[in-house]
Amino acid sequence: MVNTKVDLLGITLDNPIIPASGTFGYGYEFAELYDINCLGTFSFKGTTREPRFGNPTPRIAECTAGMINAVGLQNPGVEKVISEELPKLKKVFSKPVMANVSGFSVEDYAYTCALLDREEQVGWLEVNVSCPNVHGGGMSFGTDPNAAAEVTRAVKAVTKKPVIVKLSPNVTDIVSIARACEDAGADGISLINTLLGMRIDLKTGRPVIANTMGGFSGPAIFPVALRMVYQVSKALSIPVVGMGGVASAEEVIEMMMAGAVAVEIGAANLVDPFASKKIVEALPAAMEKYGIQKLEDIIGKAH
Amino acid sequence: MKQELLTVIENAPLTDAVYRMRLSGCAGENRPGQFVNIRLEGFYLRRPISVCDFENGVLTIIYKAVGRGTDAMTRVAPGEKLDVLTGLGNGYDLSAAGEAPLLVGGGVGVPPLYYLAKELIKRGKAVSAVLGFNAASEIFYEDEFRALGASVAVTTVDGSRGIKGFVTDALPESATYLYACGPLPMLKALTKACPVSGELSLEERMGCGFGACMGCSIMTKSGAKRVCKDGPVFGKEELPW
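Going down the list, the sequences are from chains U and P.
Per my numbering, the first sequence runs over residues -2 to 300.
Per my numbering, the second sequence runs over residues -4 to 236.
Hints were generated in silico from the structure; no laboratory data involved.
On a predicted model such as this, the values are computed, not experimentally measured, just so you know.
Beta carbons are placed, not taken as given, at the ideal position from N, Cα and C, and that holds for glycine.
Each statement offered as a hint is correct.
With a straight-line Cα cutoff of 25 Å, these simulated DSS-like cross-link-like pairs (lysine-lysine) come out:
#1 P:Lys(-3) <-> U:Lys85
#2 U:Lys88 <-> P:Lys(-3)
#3 U:Lys200 <-> P:Lys59
#4 U:Lys275 <-> P:Lys(-3)
#5 U:Lys2 <-> U:Lys298
Just a sample of chain U residues kept apart from chain P, beta carbon distances all over 10 Å, derived:
#6 Asn0
#7 Lys2
#8 Asp11
#9 Asp32
#10 Glu47
#11 Leu83
#12 Ser91
#13 Glu104
#14 Glu116
#15 Val119
#16 Arg176
#17 Ala232
#18 Glu247
#19 Glu285
#20 Lys286
#21 Tyr287
Take the sequences, apply the hints, and build the full model.
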C-alpha cells in the first residue's frame, strides 16, 4: 500500500488533492455527485467583505486546451458565507476546509479574514492577491511586492490559522513577490492563479468576454504553472501549493516533484465534475508505476 | 445530474443548419426544459443543448451548427459514443399549466417545447403552440407538434410561410399559462405582449453547466441566479425586464 498522506502546515491531508477556489463552489454541488470527503480538502469560492454579483455576461470563452473566465468574484459576502454556506458545507464535508479570501483594500482582507478566523472548520486561509487594489490605482496587489506583503501582514495580524498567499502569474518576477510574502509572515504560498487572456468573436470583431479580458486556465497553462512552482519552492523555505492546468494523477506527481506539497485542481472540475475524485482514485496506481512508496518523499525531487 | 456514455443512433439535418441527434442508453432522468452538456473530441468545454424528447432511454436533441463546436457535432457518426452530462437545470413546472397552456418557441428555442407539449397533452391539456422562424426553409417540427395533437401556428419573418411577422403577431386570444424558449428579444417582447403568467427558458454562455463556476449568472428580482442550475427556466415575473 502506497502512502498518499501529506502535511499541509500542521494538518495532515489524506491525499494532496484540493479542488481550487471558484471551481467547486462551497462543496455541496459536488457532494450531490460523490462523497467529497475523499478529497484532501478543497478551497471554497472566493469570498469578499461585501456581496458581489461580479462581471456582466458573457463571462466564459473557450480556448484550445483551456478556457477564459471573468466571473468577477461573484459571492454572497463573508457574513452570508458564514451564516448560510458554511453550515451547508459542514453537512457534506467533515475535514478542515480552505477558506479563499479576496479583497479590494488591505482593510477588506483583514475584515474578511478576522471573521473566517473564528470558524472552526476553516483549516487554512488562502489569500488571493490577484484582485485590483482600489486605493492603489486599481493595480493588482499581487503584482507589487510591497502591496502583497502589506496584505499578508494585515491578515496575519488577525488570525491564528495558517495563511497561504495565492499568487498571480501575471508578473515579471514571481520569486520576488513570493519572497516578500514569506518575509511578511506568510505560512505558505499557492500558485498559479489564472493567466490574463482574451478572445475575439470573428463575426462581430468584439471581445467574446463582456469584461474584454479574463483569466486563462486549463491544461494549456500547466508548463507555466510547473515552472513557477519550481522557481518559488526552490527559493523559499515555506510550503508551496501548486496549481494550474492539473488534470491527472501524473501531473499531480509532476507538480510535487517541482516542489508542491499539495496540488489544487481547477478548470478540470468544470469539464468533468468527477475529475478530482478520479485523480484521487488514480493516484496510488500512478505512484506504483513510478516506484513511489510515500508521496511526501518526492516533494521537490527536481530541485 | 448524471455523467453518461451515450451511443449516437441518429445525427441528420432537419434544415440547412439544424440537426437532430438521437442518443441511446440514457439511464438518468430528463424532464421538459432540462438540458444536457456534451463533450466533443478536440473541444475543452462541453456544448449545452436542450432536451427535445426523452423516451425509453433515448434522448433526442435538436441543435444548430453555429460555430466550430456545433459544426464538429454534425460530423459525429451513428455508433460513436459521447460523454454527456444529463438531467441538467430545473426544467418547466408542468403543474402550473392550467387547462389551455400556450407554448411559444423561436428558432432553436422550439425543441424543448416539443417534449413539454408531449407531456402536457399526456396530462389532458389543450396545448397551443406558436413556432417562429426566419423563413420557410428554416422551419422544423411543425408536423411533429401537430401529430401530438397541439394546435399550431407558424410565423416567418419574411412571410414565406404561415403568418408573416414575429411570434407576438400570432398569439391566441386566450391562454391559461405561457411557456417560452427563444432569443432574448423574443422573450422580452412576449413578456410585454402576453398578459398571463408563465415561464421563460434562457440561454447564456456556460462554463460547467452544473452550477460550479458562476459563469452564466443573471440578476433577477430575487437576486443573482445561475442560468445552468437555478434555471434555465425562470418565472416570467422573476426577470427584471
